[in-house]
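Colleague: Going by the numbering used here, the sequence shown wraps up at 242, each residue one higher than the last.
Hints listed in this document are in silico derivations from the structure and should not be mistaken for laboratory results. Just so you know, nobody snuck in bad clues.
Computed list of lysine-lysine pairs in DSS-like fashion (alpha-carbon distance at most 27 angstroms, straight line): (1) K224 x K199; (2) K176 x K224; (3) K224 x K88; (4) K88 x K176; (5) K122 x K85; (6) K82 x K68; (7) K100 x K122.
Between beta-carbon pairs, the in silico distance windows are: (8) D47 x T142: 38 to 48 angstroms; (9) S202 x Q50: 37 to 47 angstroms; (10) Q213 x L41: 31 to 41 angstroms; (11) Q203 x E28: 40 to 50 angstroms; (12) Q32 x D194: 44 to 54 angstroms.
Remember, predicted model here, so these are calculated numbers, not experimental data. Even for Gly, the Cβ is constructed at its ideal location relative to N, Cα and C.
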Amino acid sequence: MRLLTYLSILFFIMNTNCNTSEKNTQTEDRVQIAEDTKAILVQENLDLHQLNSNNLNILLVAYKDLDKLSVFAKSTEDRTYKRIKEYKICARSGQLGPKKAEGDRQVPEGFYHINRFNPKSKFYLSLGINYPNAYDLSKNYTGSDIFIHGKCETVGCLPMTDELIKEIYLYALWAKESGQEKVPVYIFPFEMTDENMKKYKSQVDESTFSFWQNIQEGYQLFHKKHQELETKVENQKYIFIS
Numbered sequence: 001m002r003l004l005t006y007l008s009i010l011f012f013i014m015n016t017n018c019n020t021s022e023k024n025t026q027t028e029d030r031v032q033i034a035e036d037t038k039a040i041l042v043q044e045n046l047d048l049h050q051l052n053s054n055n056l057n058i059l060l061v062a063y064k065d066l067d068k069l070s071v072f073a074k075s076t077e078d079r080t081y082k083r084i085k086e087y088k089i090c091a092r093s094g095q096l097g098p099k100k101a102e103g104d105r106q107v108p109e110g111f112y113h114i115n116r117f118n119p120k121s122k123f124y125l126s127l128g129i130n131y132p133n134a135y136d137l138s139k140n141y142t143g144s145d146i147f148i149h150g151k152c153e154t155v156g157c158l159p160m161t162d163e164l165i166k167e168i169y170l171y172a173l174w175a176k177e178s179g180q181e182k183v184p185v186y187i188f189p190f191e192m193t194d195e196n197m198k199k200y201k202s203q204v205d206e207s208t209f210s211f212w213q214n215i216q217e218g219y220q221l222f223h224k225k226h227q228e229l230e231t232k233v234e235n236q237k238y239i240f241i242s
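Based on the provided sequences and hints, a complete structural model is requested.
Modeller: Following this line, the structure appears as structure tokens:
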């Protein structure tokens, strides 16, 4: 009985993160495979938008209800981003609303950045998101290992399929190699128009809607200026510095 209990707990822990490195020795170089199979396609898209892989910054925006991930990009010396690509998020877990606890299967909402590259993920390639961030910590939210990754399964991450993560990984890698230390990742429950705010208000509690009103400020500011947001956290709220 004790063994069964231990195994059950172990299974739960293993399935509350959507990404860990593979336990077996990986012999294939997945980044090289991505370069070999997707570099021309990604470079052609950059060329179309008059951008250079050696002089690149990117910014990612995800909408949970639309299952959509948008790639915005600019040259390193510019301030203004433009959307250059949209991808379909392959699967979703949880409901609309922020992630609050380890194992709740929720996808975070808010303003994050990529804090690690994992070329040996059990989900092919993956890009780690810095959840919990300062806001989440101020709310005592728990959890870890939130990724944008390959395959088409999730317990709180953004799965893109192996083929699409190759492209997204290259955009992020080239931005990193161009000197971008933190690739912003903004995750919204939906396109945060006033109309959609009214539409979804009845589906959540007061605290979640108040949080949505807070991040709507960032949504509106980004879509007005198309620039990376400068944020800080005060009194358990995002503050947006214009």
